[in-house]
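Note that the protein sequences, when read in sequence, are chains A and B.
Quick note, the first sequence lines up with residues 1 to 337 if you use full-length UniProt numbering.
Quick note, the second sequence lines up with residues 1 to 341 if you use full-length UniProt numbering.
No lab work stands behind these hints, which were simulated from the structure alone.
Yeah, the Cβ is synthetic: ideal placement off N, Cα and C, and Gly gets one too.
Hints may contain errors.
If you want the footprint, here are the derived chain A segments under chain B, 3+ residues with CB under 8 Å [unchecked claim]:
no., region
1, 84-92
2, 109-122
Taking CB as the label site, the calculated pair distances span [as the list claims (entries may be wrong)]:
no., chain 1, residue 1, chain 2, residue 2, range
3, B, Ser2, A, Val144, 31 to 37 Å
4, A, Val144, B, Val137, 46 to 52 Å
5, A, Arg27, B, Phe202, 51 to 57 Å
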Amino acid sequence: MAAAALAPADSAALVAEHLSRSFGPVRAVVDASISLEAGSVTALVGPNGSGKTTLLLMLTGLLAPDAGRVEVRGLDVATSGAAARRLIGWMPDVFGTWETLTCREVLETFAAAYRLPPAVAKERATTLLATVHLVDLADAPSRVLSRGQKQRLGLARALVHSPAVVLLDEPAAGLDPRSRIELRGIVRDLAEAGVAVLVSSHELAELEEMVDAAVFLQRGVSSFAPPTAALQPWRVHVLDGAAFLAWSAAVGLGVTQEAGGAGAASAVDPAACAGPAGPTHPTGPAGPATFLVSLTGELQAAQLVRDAVTAGVALTRFGPAYGRLEQAYLAMDTDRR
Amino acid sequence: MSAWGVRTVAVLEVRQRIRSTRWKVALIAFFVVVGLIAWGVAAAVSGVGDSEWLSRQDAGRVLFGVVLMVVLFLGLLVSPTLSATSVNGDRAAGTLAVLQVTTLTPLDLAVGKLLAAWGAALAFLATSLPFLVWGAVLGRISPVRVVASVLTLAFVLAVVCAVGLALSASVARPAGSALLTYVVVAGVGVGTLIAFGLSAFFLQRTEVVQVYGVDVGGSGACSWSEREETQTHTEDTAWLLGLNPFVLVADVAAAPAPSLNGSDPLALMGAGVRFAQAGARDEIDECWLDDGGFGTSTPAGSAVWPWSIPVYAAAGAGSLWLAARRLRVPATTLPRGIRIA
Numbered sequence: 001m002a003a004a005a006l007a008p009a010d011s012a013a014l015v016a017e018h019l020s021r022s023f024g025p026v027r028a029v030v031d032a033s034i035s036l037e038a039g040s041v042t043a044l045v046g047p048n049g050s051g052k053t054t055l056l057l058m059l060t061g062l063l064a065p066d067a068g069r070v071e072v073r074g075l076d077v078a079t080s081g082a083a084a085r086r087l088i089g090w091m092p093d094v095f096g097t098w099e100t101l102t103c104r105e106v107l108e109t110f111a112a113a114y115r116l117p118p119a120v121a122k123e124r125a126t127t128l129l130a131t132v133h134l135v136d137l138a139d140a141p142s143r144v145l146s147r148g149q150k151q152r153l154g155l156a157r158a159l160v161h162s163p164a165v166v167l168l169d170e171p172a173a174g175l176d177p178r179s180r181i182e183l184r185g186i187v188r189d190l191a192e193a194g195v196a197v198l199v200s201s202h203e204l205a206e207l208e209e210m211v212d213a214a215v216f217l218q219r220g221v222s223s224f225a226p227p228t229a230a231l232q233p234w235r236v237h238v239l240d241g242a243a244f245l246a247w248s249a250a251v252g253l254g255v256t257q258e259a260g261g262a263g264a265a266s267a268v269d270p271a272a273c274a275g276p277a278g279p280t281h282p283t284g285p286a287g288p289a290t291f292l293v294s295l296t297g298e299l300q301a302a303q304l305v306r307d308a309v310t311a312g313v314a315l316t317r318f319g320p321a322y323g324r325l326e327q328a329y330l331a332m333d334t335d336r337r
Numbered sequence: 001m002s003a004w005g006v007r008t009v010a011v012l013e014v015r016q017r018i019r020s021t022r023w024k025v026a027l028i029a030f031f032v033v034v035g036l037i038a039w040g041v042a043a044a045v046s047g048v049g050d051s052e053w054l055s056r057q058d059a060g061r062v063l064f065g066v067v068l069m070v071v072l073f074l075g076l077l078v079s080p081t082l083s084a085t086s087v088n089g090d091r092a093a094g095t096l097a098v099l100q101v102t103t104l105t106p107l108d109l110a111v112g113k114l115l116a117a118w119g120a121a122l123a124f125l126a127t128s129l130p131f132l133v134w135g136a137v138l139g140r141i142s143p144v145r146v147v148a149s150v151l152t153l154a155f156v157l158a159v160v161c162a163v164g165l166a167l168s169a170s171v172a173r174p175a176g177s178a179l180l181t182y183v184v185v186a187g188v189g190v191g192t193l194i195a196f197g198l199s200a201f202f203l204q205r206t207e208v209v210q211v212y213g214v215d216v217g218g219s220g221a222c223s224w225s226e227r228e229e230t231q232t233h234t235e236d237t238a239w240l241l242g243l244n245p246f247v248l249v250a251d252v253a254a255a256p257a258p259s260l261n262g263s264d265p266l267a268l269m270g271a272g273v274r275f276a277q278a279g280a281r282d283e284i285d286e287c288w289l290d291d292g293g294f295g296t297s298t299p300a301g302s303a304v305w306p307w308s309i310p311v312y313a314a315a316g317a318g319s320l321w322l323a324a325r326r327l328r329v330p331a332t333t334l335p336r337g338i339r340i341a
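Next up, chain A with everything else stripped away, as it sits in the complex:
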C-alpha cells in the first residue's frame, strides 16, 4: 500500500477533482479528489456519513457535483453521458434484483442494457456466474438467493460489460469467509487485467490485503496521506511473561500487558499506549503472555527483536497490533455521523 501523492498521471483511468455536493443544508461532500490508476486497487476509507456513497454516486455519473468534475479515460462524465458510463462498473452498497428473473437473465439483461450482442451476453453471463460461484443457481429466480449470494450476483452484474473502472461500495458486506477471500482474488485479478478498482469498505484488515493505495474521506474531504501517530502499537507474544518484563525493565522499554490476548486488542485505542507506559505488572506471569509496545516504526521494531533475542527472550510472535489502514483510520479525527 503506497499512500502516493495525488499525481494525475496519464495512466489514470479515472480522475475526479475537487468534487463537492450538498443536499439542501447538508454538505455531503465538501472537497474530494481522487485518481484511480489502471491496474491498481484503491481503498476508499471513511467513517459512516463521511460522504463515501455520495462520492461514488458522483464518480458513476448518477449525481451531478455542485463543483468539480469527473473524467473517465478523458471523457467528462457530466457531458459524455453513456460513453463515459460504458467504461464504469458500479456495485452500490444497497441494491435490489428483479425477483422473478433468474441469475442468468439478470446478467443478460444488464449485458443488453450495455448493448452487448446476445451471443456475447450469454458468454459473459456464463463466465461471470462461474467467477462468482453461482453456476448452481444460474437458472433459479434471484429471489431465492441469500444476501451473500445476491451480493455476488451484484458483483457479477457490475462486471458484465468488462469496464475499465470498477467502483465497489461495501462489496464484502454479507459475504461468508470463503466468498470474502474469493472477492479479494477477483479484485486482484481485475487489477492484473488492467482495470482500475476502487473499493469502499469498513473491513480494513481485509481491505489492506488487496489495495495498492488508499483515499481517506473525512467530513466530505478526501486525503491521500492521513495523519499517522508518532508511535504505533506492536504486539509481542512471549513464552515467559515474567522474563520479558524483567528484560524490558532492564532496557527501559515501556510495555502493557494484554489481558485477554489478541481478541481484546481490537478494543485498545493506540493513543492509549502512545505514551511511555511503565510495566503494569512488576512481577508478571510466569507463563506465555502477550504485550503491547509502542514503537516509532519498523526500524525500532527490528532493533527490538534483535535485542530481545540476543538477551535470550523467548519471542514467539511479533508484529504490528493493527493493520496500516486501521492505524491510519484510527489516527484520523474520526467522527461518525
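Fit chain B to the known structure of chain A by using the hints.
Chain B alone, transformed into the frame defined by chain A:
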C-alpha cells in the same frame, strides 16, 4: 433513444410482471367480470328483444356500447397500477440506479416502461375483445367504427399510463404517485362532468328568443313571436365534456350518428354532447302542427375528438417528457425525499 434500449427495458418490465401469478389472476378476473356484465346486458336486452321497440340490431348496439364503456372504466382503474409505481417502485427496490448507470438513456427507460405498462393494459383490453365483437356483430356496427373505438380506447389508456409514469418519476413514494394518478383519472372521468354540471348554474341568462309556435288565440296556425326565456349557455363549457374519456370514446364509436332516438348508449351520449354544444337556441320550434315533432332533432354540433385527441396527445407526450427528464443522469436537483440509490 434507441430501439435496442427501449426493447431491453420493455422486455425486462414485461418479464418481471408476467411471471408474477397475481397478474395472470388479474387478467382472468378481468375477463370474468367483463364477461358477466356482457352476459347480463345480453340477457336483459334479449328479454325485451322480442318486443317491437328493440330490434336485434339495437340490442347488439346496447351490448357493444355498455361493454365498451365498462372496459374503458376498468381500463382506467387498471392502468394506473401498471405505470404509477414503475419508477419510484424500482427506486425503492434498488433496481433503478443500476439501470441508469448503463448506456440506456433516460428516454429508453421512460419509453420502455411506458410501452410495457401500456402493453399490459392492452392485454386487459384484448381479453374483452370477444365481448365487443359479439356486440358489434349483433348490432351490425361497421368494422371501421369498431376498430376506431378500440384504437381510441387504447390511446386513452396509453395517456393514462404516461401520466402515471410521470407521477411515479416525480413523487417519492409509490403509494403517493398511485393515489395522484387515480385523482387525475377521477378528475377527467368524473370531475369534468361535475364541473360541466356546476358551470351550468353560472351560465344562465334571461334573453329574448324567437318562438315558432301555435297562435292559439288567433289564427290557430304556427307563427313567429318573441318571448323572454331563461337560457343556459352550455356551449361555453361543452369543451369540458370533450376532456371526458367516456365522452371521447363514445364520440368516436357513436354509430351511425348521435341521436336521442333509440337505445344505443353511445349515440345517446353523443347526442347529449351535441345538445350541450348547441347550448342556448335563438329560435325555438314549438309548432306541433307541421311534422308532429318539436325540437327533438339532434343539433348538428361537431365531433369532440378533433379537440380532445390533441389535448390527450399533448398530455401524454408532456408526461413522457417529464418522466424522461426526471430519469436524467447526472441528476442535478433531486425532488424532496428522493434518493438515487
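Structure-based check of each hint:
1. Chain B is given as covering the region 84-92 of chain A, and this holds because 5 residues of the stretch bring a CB closer than 8 Å to a CB of that chain, at least three being needed.
2. Coverage of the region 109-122 of chain A by chain B holds [criterion: at least 3 residues with CB-CB distance below 8 Å; count 6].
3. Judged by the Cβ atoms, the range 31 to 37 Å given for Ser2 (chain B) and Val144 (chain A) holds: they are separated by roughly 33 Å.
4. About 49 Å separates the C-beta atoms of Val144 (chain A) and Val137 (chain B), a value consistent with the hinted range of 46 to 52 Å.
5. Look at Arg27 (chain A) against Phe202 (chain B): about 54 Å separates their beta carbons, and that is inside 51 to 57 Å.
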